[in-house]
Structures are given as C-alpha cells and as structure tokens.
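Start from the sequences, fold in the hints, and give me the full structure.
Protein chains in written order, with our numbering: chain U, 191 to 555; chain F, 191 to 555; chain L, 191 to 555.
Treat the hints with care, as some may be off.
Same chains, same label: a pair holds when it works inside one copy or across any pair of copies.
[Said to hold, decoys possible] Under the rule of at most 30 Å between Cα atoms (straight-line distance), these lysine-lysine pairs were calculated in the DSS-like manner:
no.: 1; residue 1: Lys504; residue 2: Lys431
no.: 2; residue 1: Lys504; residue 2: Lys348
no.: 3; residue 1: Lys504; residue 2: Lys467
no.: 4; residue 1: Lys284; residue 2: Lys302
no.: 5; residue 1: Lys302; residue 2: Lys504
no.: 6; residue 1: Lys463; residue 2: Lys348
no.: 7; residue 1: Lys276; residue 2: Lys431
no.: 8; residue 1: Lys348; residue 2: Lys279
no.: 9; residue 1: Lys380; residue 2: Lys279
no.: 10; residue 1: Lys380; residue 2: Lys276
Keep in mind that the hints were calculated from the coordinates and are not lab data. Please read all numbers here as calculations on a predicted model, not as lab measurements.
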Amino acid sequence: MPSKTPLSDISSDLAHGVTSRRAFLRTATLSAAGAAALAACSKDAAAKPNTASPEMAGHPAGTAAPAAAPLSPRAAADAMDAMHEKGIKAFPAKTAGLGNQLMAPKMDKGCKVYDLTASEIQWEVSPGQMVAAMAYNGQVPGPQIRVREGDRVRVNLKNELKQSTAIHFHGLELPNDMDGVPFITQPPVKPGESFTYEFTVPEGNSGSHMYHSHHNAAAQVGLGLLGAFIVEPRSPRAIEKVDHDYVLILNDGMHGFTINGKGFPATQPFTAKLGEKVRIRYMNEGMMIHPMHLHGMHMTVIDKDGWAQPQPWKCDTLNIAPGERWDVIVNCNNPGTWAFHCHILGHAESDHGMFGMVTALVVSK
Amino acid sequence: MPSKTPLSDISSDLAHGVTSRRAFLRTATLSAAGAAALAACSKDAAAKPNTASPEMAGHPAGTAAPAAAPLSPRAAADAMDAMHEKGIKAFPAKTAGLGNQLMAPKMDKGCKVYDLTASEIQWEVSPGQMVAAMAYNGQVPGPQIRVREGDRVRVNLKNELKQSTAIHFHGLELPNDMDGVPFITQPPVKPGESFTYEFTVPEGNSGSHMYHSHHNAAAQVGLGLLGAFIVEPRSPRAIEKVDHDYVLILNDGMHGFTINGKGFPATQPFTAKLGEKVRIRYMNEGMMIHPMHLHGMHMTVIDKDGWAQPQPWKCDTLNIAPGERWDVIVNCNNPGTWAFHCHILGHAESDHGMFGMVTALVVSK
Amino acid sequence: MPSKTPLSDISSDLAHGVTSRRAFLRTATLSAAGAAALAACSKDAAAKPNTASPEMAGHPAGTAAPAAAPLSPRAAADAMDAMHEKGIKAFPAKTAGLGNQLMAPKMDKGCKVYDLTASEIQWEVSPGQMVAAMAYNGQVPGPQIRVREGDRVRVNLKNELKQSTAIHFHGLELPNDMDGVPFITQPPVKPGESFTYEFTVPEGNSGSHMYHSHHNAAAQVGLGLLGAFIVEPRSPRAIEKVDHDYVLILNDGMHGFTINGKGFPATQPFTAKLGEKVRIRYMNEGMMIHPMHLHGMHMTVIDKDGWAQPQPWKCDTLNIAPGERWDVIVNCNNPGTWAFHCHILGHAESDHGMFGMVTALVVSK
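In structure tokens, the structure reads:
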C-alpha cells in the first residue's frame, strides 16, 4: 500500500495558526510519530534553545494566535509572515555585549602585551536570550588580536573559571612550549592561576588565525573561549588593499547558530559604499560545516588558513569547515541590502522566520 | 572489564532473516539500548520515510521471511541479497512525475517569459512512496530554466500554496528588488497572489545557478520549491563542448535522499556512448554535504557556482555542500554501467539494498 | 521573560566531581530536559561506545569521585585534569591488533597476488574496548596494498562472513567487471565462497586509493572492511620524494572515531626527524567530514583522489569528506610533539579528555 503523508497535516497546523515548536517539528519532518523524542534529541533542541519558543527568537510571546478558533489559510499565512517580518524589522537588534572587539595591546619594551581573563558570564545571544558562557574579557568571541609578522607578542592568561584551561594559537607556527595543549606542551592552567604565552610571530605566518581553549575544548570553545588572531603581512598584496576588513566567526555550540557570538536578529550587518572593496575573514569555531552564501555579488577567495591560494577563485557559496579560515574579497558593485547567511537552511530559518546564522551586507549608494 | 559487543547480535538477526528496520538500526549502531528512541530521532527516521519499511523502498512487503524458523546463515545471506538484487533489477523504476524538465519560454518582445505556479502536490519519490510536496508546475525539482547571458527574462510566480512564498535566484547577480527575500527586497507573495520577477541576466554571470523559495525556506525548499537556472555563456570554452549536459540536483529533506526529486531505484540513469563527453552540473538544495562518487572514470572539475576554476582539476569523489554548484566533465572512455552515488554510505545503502542517492552512468559501446 | 541557563548547573556538576556521561551531556547541551532521550540518540551514543563510560575511554573505572561529598572547585578541576592527563600519558597505548600493515604480494608469473579473507573478529579499538568487527585478514583497516602503475594485480577474496560481500577498488579505473558492485558488475560473493579480481593498474592512475566492501557497505565498511590501495607512480614528482609516507584512514562508524582502526590513546603517533619531509595520505572511509588539523606546521596539499592538484597549496586544517583522499606534504621544521586531530572537537575531546581522532606528529631533533 502506498504511504501517504498528507500535506493537510501541515496545512491544518497553519490554518489553525498553530506555530508552536510541535507544529514546526511536524512541518519539518512530515512525521507524526516520534515528535516528542525528536524534540528531545534533535540538533534543534540540543543546540538552539533560541528557536524553542517564539519569545526566545526575539519575537514577543503571544504572536501566535491561540488555536481555539481555526484561522483561514490567508490568516494563517499572515500570522506566519508577521513573525518573519518582526524578526527582520528588529534587525540589527540591540543586545548587551559585543564580542570580537579590536584590543589595543599594552607595549612592554617592544613587546605587544594582551591580558586575557577567562571567566564565566551570562551572554545575550539574541534579544532576551541569556545563555551561560565562558568568555575572554567578558566577550564572545574574545577580543580581536591584530599583530604583524615578526612582532613580539605576550598573552597573559588569567583563569577565573571553575575548571582548568589553556590557549592554543590555531594557525600560528610557534615553539612547541607555546602551543597550548595541556599535558603535551604545558600544564593546565588551574582555576585562579595564570599563564604567560610569549612568542615572536613567525615571518611568513600572516593571515587569519584564531586563539581558543585547548582543554575540555569541545565544551569551552562551544561556550565561548575563542577569538580572532590576525597577523598582518609586512607587505600586503594588491588584492588585500580593501576598504573594510570584516571577521565572521561562526559557532554552533551551546549558544545556537551564531556569527560573532550573536544570533539573528542580533547579528551585526556589514556595510560598504558602492564601489568599495570588502575583505571577509571566515573562521569556523563550531562542530559543523557552514556554507556561507552572499546574495547579489560573488566572493573572490584569496586565502585558506592564512595561506594564499595559488590563484584567486570565485564563488557565491563558500563551505567553511570546523577549524578552517577562508578569506574572500567582495567588490561591492551592487547596491542594496543583501541577505548573507549559512545555506544549511535549518541554521538560518524556521517557520518563525530567520534566526541564527543570518546577517546582511549593506551596500549604500 | 572490557566491553564486548558481540557480532552475533547482528548475525543472529541475519540468521533469523530479520531484516526489519529495528534490525537495521541494531546493525547500524551495535547498540541494543535506545533503539526505539533512536528510531524516532535519527536522521533516518526524520528524513527517510522511504527506508522505514521494505515496501517503501520499492521492495514488496513480505520480502523478509517471518522470524519463526531461524534461517541458516546462507539462507539469511540469500534473503538479504535478494532484496539488494530486487532493488537493482528494478532500476530505473517507473514512478509518476518527472522533475527538472526543460521549460520552453514564451517570448514577449524579446523577453523570455516563464510562468511558475507553486502548489501543493503528492509526489512519488520511489515506487509506491507518495509524499507531500510543494512544487513549481507540479514538478520536483521545478522546470529547468535555460537562458543565455544578456537575456531579458520574466518569471511570473503564481502562489497556490496555503502559505506565502517568494523566489530567490541563487547565483544570479540581480538588482536588489529582484532578489526574492521577503521583507528585505519585496513583500511575501501571499496565497492566491502573484509576483513578477523581470531582469536582464548579467553578462559574465553564466553557469549553473538555481531558483528556490526564500520564505520559510527550510521547509519549502525541503518540500520541493527549487529548480535549476542555467545560464549559457555567449562564448563557450572548448572544455564546455560536450555531448551531454546533465543536471544532478541533490536534496535530503522530507523526501529522503534524492537526485532530481527521486530516490533509487526511481532515479534516472545518465547515458553516453563510448568516447563521448558528459558535463555534470551538481547542485545541492539540501542541508547536508553529499560527496558524489563516480565509479570507473574520473571527473574534471571546471566550475564552482558558475565561475570557472583557475585551472581544471581531477577527482573521483566531489564534496557538494548545501547551496553549492560544481560542474565537472567526464570523458566516457570506459564502457559499462557505473555506480554513481553519494559516498556517505548511509545516504545510499542499507541492509535492504541501495536506496536514495544512487544512480548510474551507463557508457555503451 | 528572558531565559537563563545558569552556568552553575554545569559548575555544580564539576564541583561535585560528577564526571558521568549524564553530566557530560548536560554540559554539552546546557539542557536539563531530554537528557535521557539525547543519550539514547545522540551521535555520541550511537557512534562512540568508547565515550560512554570512563573505563571504555581507557580510563580505569573509579577515576571520578563519588558524588557524596561535594568537591571544591579546585578539587573538581583537578579530578577532570587527572582524567585528561591519564589519557595523554597512556599515549600511545598498547592494544591487540594493528591494521594497515603493508602486505607483501606473492608473485605468480609477473602478477602480484594478494589473498584477502573477510571474517568476523573482535577488535580492540582502545585499551580494553573490544568491538565486533569485520576485517580483511584480521586487520582493521585491512592490509595496505602498494603496487605500481602498469602492474598486473590479482586479489583473491575469500568470504568467511555470515553475509555476502564484494570488493570495490575505489579510485581505480578498472574494466567494469572488476568494479565490485553486486548485481551490476558481478554476483555477490556468498558466505564460504571466493572471488578473484584481476586487472592491470592503468597507467596514469597512480595515487592514494582504497579498497572496500560495496555490499551492505554502510554496515560492512563501518565495521572494518576497508583498506588502503596505493599506486606508486612510474616517475615520482620531486615533491613526492619524502622521508616518510604515512596513511591516515579515518572512520566514524560502529567503532567510534578512529584513525587506522584505533581511537586515542591507542592511535599510533607519526614520527620524523627535524628537517625531514613527511607525506600524509588522508582517506575517509566514514560517513562524516573530518577536518584534520596539524599543530605547529602547515601542510602542502598536492593530490586529491590520486590526481595532482594544478598547483600545491597550503593549509593547517584540511577537510576530508567521505570517500575522498587528500595527500599532503609536511616539512618537519619545528621540533616537538604536535597534536594532530580532527577539528570537530566532539570527535576528539570530551570532559574525560582526548579520545577518538587524535594522534601526534613527533618531530625529534
């Protein structure tokens, strides 16, 4: 006997204005069975508390009509659209805290000194959604460090967490004892203790790198102990001369799907004027791939993990795997507000509207 | 104490001729515990109703012997093999409906006009497996649109769904108001309403692109609102002069694992004569990667997202991420029927035989 | 109302020295609800029995303090660190059995003959963790086959399994009847029966290839029926002249996350002397991507699926998709013990310490 999964199951939810998580799951899976189990164990439930209920996604509670009186199809569509509109109109939404802020070093006899304190904080991922986080200097991602090849750098790590930690400078080719792997290259930095990393950034090791915990890292990086470590080259290539240099750190851990520590509509838009050149540094600190899609203009890929590709190449969707960094150039020759999101659509949109890994590139005339 | 997971658990299932979903799950996980919960929440359960029971995968019910009398190991192997053989012998299986059909435009004063109606349909993914779908013109994928760079194109979208929708032309660099993102570039197209997209395909924007819903898209694209949008170049490169030009649209949503809207054995084989050249345009409209593996001959990668790679390069397994398009050339210099499938083996084969993302390239003498 | 997930939930576990799987899951998800269901259906539960309890991960039972008396934060951190240290100090841990051992062929009139017997065995993935496996010649991965382009090769497959099987030579461009796909290119090889593959390795088809089951393959490859098939070129390129040639076969099936059939700390380290050149041949036989990250030195990518890339390119994290092979060169110019792991951190580390896809490249002075 042929199996039929009537679309009316979905439509009836919509017709009734049911926009609950349960209805979403049914829509998403077309499976009546196992919804409860699915709810408990889907990535969605595990990783995206922000989609579990409308208010968490930045939509005030009560948007969805009570299911008492069935809505007409048009009214159901209007109800869904209203949620989508509200999310987009809220963008960019204000939240407390901003990560990835450029950090000015203290200078000590020619050495650039960065003090990083790891501590436990509450972090507002999207409006009203507070999550437990571990952060460097209270930021998720941690402060952006920018140095130049050949620079002498010192990073003073203070551990105010309740567990040990350590910093790995991902992409930097440092002496082994500065590599940040507890029990291999150093002892763990215990709660209340400090550790100093000091090194010269190798010549030729420029590009988009990262620093993050390398102890209990699946948890600590997922909770926010990560940041951009950018090494400027001594002699920039012509293609690197841009008007804006943006970092997009992707994460998909306990805070849901985030760009620079925030989920849509709290993500920050990227802006440029018509004719300007933008550099985007993608960094994936999560556990999943994120194929980032820019609307309206293509991207020219120049670097992988800080190393120049043999020749630049073009795309509109770039797959960023965990631990990878990819640098691209966008020639902003098309004016408008361009959607810019992960193309795993479940990381970017539900029937409640856009969330998570969505932002925009705004090209103004 | 060492933990042992005896293979006899698996073998006993096989020996008993038990080829149920439960047995498959046990085989797949080697875990006795939690099978029920797993069944409810695995990707398998959520995304592949077609593998949930033998009849859904195109195998008549009753293939599996009742467990009453244990089978000898050889008889159990024969029973499993019979299911595998039946699937392969059924290939290519007839099903109602064929997606990705080339659509001839109407001409209006030099403008190529395409009328697309989005509606809810039942779609036969594999023999006897009817699924709820959303489709353009009753096809999953929607009709294939093929134009040339510089062409004037009009797409009339009529929405006969019960929810709003909109079309994004993924990969085309259009004016912002033609970008198809509700509340950013246009209002949503409400049920019963229409919207007209009209634009000139930019010069230099040739290649393999897509059109799909950009509203409630995780659901709408998963249900079938997608299609190929191919832009022929004015001046094809020598390497583009091929005998066959095939499109493979990959999806992994509510219809299971599909190539051009069908799961094996209902997928269509691709054919060529010995010595011919074939172009394959991979397009991923799903939420997972699909590393496509061709047996017997390598593929030469020429384009990414419609843009020429700096130099062609060769492979036999090409990883296609969501939103990406990759174009490859195959020189059909090896005669035979060649398996051609996603190399995430769970997207292509179970102990019931091949299913989902499997097809063949048939090179005849 | 803003939702708060207090970090104290996590910390209290840590403070109490609770290092159970349940606590790990709570830490990992920050979700109190659904932990039981999650435990049953997470990838973790399905794929990594080795992380289900401390003793399975190579840590003696009883490492975690009983929860009766709450530990101080420092004592809790010490308890966690002790587990991490124990795993690392155990590396490389002895286990029974070693896969991927170079196999010397018998010669028969100029033909290189390899006898492979597929059978069911118990395999020690990590210390004390015995798993049900299917293996060629009792090895997981099977014996490493190394031939030269143009060689005549015969593989005698004997099936001592309880189910049928067949061998596909993944990456080799063979005559169709040697392609190893039951019911398409050959009958299945039944339990107790044998099949002989014989072919000439095509000129130009050198590089890193694989052999594996192509029957019930999601299960059989996941259980161990796979191996490296390496074809040496007649005329090696200068860049191929290396001091060490290492194979890393990645898998993520029923044996957990493994490199060459073993999970950390039972993985084998790779070694080189300062100034030496190492070639690494990555092969993914699993169902997930594995972005492999080498600390301390970059990798120069030379080949994809056995085909030279147009130009070598550099990275420190290389994404390997199922079915893919990537060859890289490492110039070992940085002395020390360098962590080398999959950068999906959940494949490499839990709060119990490192496990699974972790090894080291040890560069000695």
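For each hint, the structure was consulted:
1. Lys504 with Lys431: For Lys504 and Lys431, both the intra-copy (18 Å) and inter-copy (22 Å) Cα distances are at most 30 Å.
2. Lys504 with Lys348: neither (42 Å within a copy, 34 Å between copies)
3. Lys504 with Lys467: Classified as both: same-chain Cα gap 15 Å, cross-chain 25 Å, threshold 30 Å.
4. Lys284 with Lys302: Neither. Shortest intra-copy (33 Å) and inter-copy (45 Å) distances fail the 30 Å Cα cut-off.
5. Lys302 with Lys504: Classified as between; 28 Å across copies, 36 Å inside a copy.
6. Lys463 with Lys348: So Lys463 and Lys348 fail the 30 Å test inside a copy (41 Å) and across (35 Å) alike.
7. Lys276 with Lys431: The answer is neither: 38 Å in one copy and 49 Å across copies each exceed 30 Å.
8. Lys348 with Lys279: Answer is between: at 26 Å across copies they meet the 30 Å cutoff, but 40 Å inside does not.
9. Lys380 with Lys279: between (45 Å within a copy, 19 Å between copies)
10. Lys380 with Lys276: Cα proximity of Lys380 and Lys276: across copies only (17 Å, versus 45 Å in one copy).
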